[in-house]
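> Position one of the sequence shown corresponds to residue 1 (the UniProt record's numbering), numbered consecutively onward.
Calculated from the structure, these hints are not laboratory results.
It is possible that some hints are incorrect.
The list that follows gives simulated cross-link-like pairs (lysine to any residue, SDA-like), each with its CA atoms no further than 20 Å apart [unchecked claim]: (1) Lys-239 - Ala-225; (2) Lys-239 - Thr-94; (3) Lys-202 - Phe-151; (4) Lys-280 - Gly-375; (5) Lys-239 - Asn-409; (6) Lys-55 - Glu-71; (7) Lys-244 - Leu-325; (8) Lys-280 - Ala-150; (9) Lys-280 - Gln-351; (10) Lys-280 - Lys-244; (11) Lys-206 - Lys-280; (12) Lys-244 - Glu-71; (13) Lys-206 - Glu-184; (14) Lys-244 - Arg-16; (15) Lys-239 - His-10; (16) Lys-201 - Ser-378; (17) Lys-280 - Leu-256; (18) Lys-280 - Met-331; (19) Lys-163 - Asp-376; (20) Lys-345 - Glu-299; (21) Lys-201 - Lys-163; (22) Lys-201 - Leu-325; (23) Lys-244 - Asn-213; (24) Lys-244 - Lys-55; (25) Lys-55 - Glu-9; (26) Lys-239 - Pro-96; (27) Lys-280 - Gly-377; (28) Lys-144 - Pro-96; (29) Lys-345 - Ala-309; (30) Lys-55 - Arg-16; (31) Lys-345 - Gly-377; (32) Lys-239 - Leu-256.
Predicted model, so just to flag it, every value in this text is computed and none were measured.
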Amino acid sequence: MSEIAIQVEHLSKQFRIGANSFQKTFRETVSDAMLAPARRLRSALRGQGTQAATKEFWALRDVSFDVNQGEVVGIIGHNGAGKSTLLKVLSRITEPTAGSAMIRGRVGTLLEVGTGFHPDLTGRENMYLNGAILGMSRAEINRKFDEIVAFAEVEQFIDTMVKHYSSGMYLRLAFAVAAHLEPEILIVDEVLAVGDAQFQKKCLGKMGEVAQNGRTVLFVSHNMAAIRSLCQRVIWLSKGSVLKDGPSASIVNEYLMETVTSSSSRVDLREAVRHYDYGKRFKINDLTFNHGEPILHGEMLNVSFNYEAYADVYGVSFGYGFSSLEGTRLMTVDSDLNAPRYQIKRGQHGQLTSTIDTLNLQPGIYLLDVGVRSGDGSALDYLPGCAQVEILPGPRTPPSMSRLDYAGNVRLSGQWQWPETAQEDRD
Numbered sequence: 001m002s003e004i005a006i007q008v009e010h011l012s013k014q015f016r017i018g019a020n021s022f023q024k025t026f027r028e029t030v031s032d033a034m035l036a037p038a039r040r041l042r043s044a045l046r047g048q049g050t051q052a053a054t055k056e057f058w059a060l061r062d063v064s065f066d067v068n069q070g071e072v073v074g075i076i077g078h079n080g081a082g083k084s085t086l087l088k089v090l091s092r093i094t095e096p097t098a099g100s101a102m103i104r105g106r107v108g109t110l111l112e113v114g115t116g117f118h119p120d121l122t123g124r125e126n127m128y129l130n131g132a133i134l135g136m137s138r139a140e141i142n143r144k145f146d147e148i149v150a151f152a153e154v155e156q157f158i159d160t161m162v163k164h165y166s167s168g169m170y171l172r173l174a175f176a177v178a179a180h181l182e183p184e185i186l187i188v189d190e191v192l193a194v195g196d197a198q199f200q201k202k203c204l205g206k207m208g209e210v211a212q213n214g215r216t217v218l219f220v221s222h223n224m225a226a227i228r229s230l231c232q233r234v235i236w237l238s239k240g241s242v243l244k245d246g247p248s249a250s251i252v253n254e255y256l257m258e259t260v261t262s263s264s265s266r267v268d269l270r271e272a273v274r275h276y277d278y279g280k281r282f283k284i285n286d287l288t289f290n291h292g293e294p295i296l297h298g299e300m301l302n303v304s305f306n307y308e309a310y311a312d313v314y315g316v317s318f319g320y321g322f323s324s325l326e327g328t329r330l331m332t333v334d335s336d337l338n339a340p341r342y343q344i345k346r347g348q349h350g351q352l353t354s355t356i357d358t359l360n361l362q363p364g365i366y367l368l369d370v371g372v373r374s375g376d377g378s379a380l381d382y383l384p385g386c387a388q389v390e391i392l393p394g395p396r397t398p399p400s401m402s403r404l405d406y407a408g409n410v411r412l413s414g415q416w417q418w419p420e421t422a423q424e425d426r427d
């Protein structure tokens with residue numbers, strides 16, 4: 001019988017929305033204690049209650065499961081389902097409100113950018129600090145040092161304070177440290193949400209290597225293809241609770257069927273859940289397809305993005321793409337290919353429009369990925385799988401080619417030249 005690496009029993013986490021959550025100084029604490037009686041009396045005289053208006057929100061509620069040593073388990077669910085909160089509790093970043101989570105083994109974590117590294121330390125110093133936290137000796141870290149730096153591709157910046165890193169550089173180094181310092185349990189949250197395709201491929205390969213070495217992996221992602229290829233088992237969270245727990249293929253299929261809902265020509269992204277520091281300096285508020293009209297295969301596609309800048313940004317480029325419901329990217333439209341980059345000042349907002357003369361993606365339902373980059377290549381805003389989009393058959397869609405399983409995902413006309421011996425059939 002396999003040894004249990006992670007044991008979660010009746011785990012719950014409550015947040016109080018509207019409550020004072022910042023840390024007070026000692027002076028502020030003493031001052032508040034001395035003034036509290038006067039405030040309560042003043043509130044009573046005015047007929048007001050003594051409690052600030054707060055709302056309780058259960059991010060996790062009565063979650064229980066075991067993970068055996070060497071298991072690779074995917075955690076899936078819609079935005080707000082409790083996935084990231086669960087990983088933060090397991091990583092000891094957040095205390096649970098109720099229940100328990102027992103971890104047996106050394107844990108390496110890659111959650112959102114900003115956790116795990118000290119901003120005022122260099123990349124080199126953070127590597128040794130993280131290794132020490134994991135209980136590794138300096139000699140053990142030295143043996144892994146060159147491999148980590150090469151994987152992260154930050155050789156020139158290893159002695160720079162990480163607060164000066166782009167989000168992409170930070171993530172590459174954070175993942176390299178988490179995966180290479182030989183943890184017995186690796187916890188990864190949305191590692192495929194940033195970085196280029198080559199880096200994502202490296203991450204998946206490294207996680208596969210970690211799994212093959214018999215270590216335990218918990219992996220959160222919206223990329224269902226990656227979940228299927230890496231994980232033998234999937235836990236599906238919904239509204240803070242475990243909805244399903246079982247083999248990855250069957251659970252992913254059920255999840256994809258449940259997520260296929262009617263799509264809209266306008267996508268509101270203002271309240272979309274964003275990972276890392278996306279949307280803090282520059283934000284896509286919403287986008288509209290074809291001025292609100294349906295999207296048709298073989299016809300023109302017009303996409304309008306409404307944006308707002310919260311800081312001065314330079315070398316800005318936009319991109320969007322369509323992925324399969326499993327998360328495999330099928331096509332990308334990128335302004336870097338044929339449009340200049342722009343600088344946008346803080347407080348400016350506007351609308352950017354992109355047009356494709358002919359949309360060759362076959363009729364069907366797809367996931368929409370949207371992103372904005374700055375001149376240094378770092379992501380300003382990135383929303384993978386932020387909406388479902390339906391492409392309908394158009395006037396130029398032959399009935400025999402309208403099915404994805406027959407024609408593939410993209411249909412191109414091409415140029416055809418027959419030999420002179422062939423005769424055109426006009427019947």
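> What are the numbers of the hints that this structure violates, sorted from low to high?
1, 5, 6, 8, 10, 11, 14, 17, 18, 20, 21, 23, 24, 25, 28
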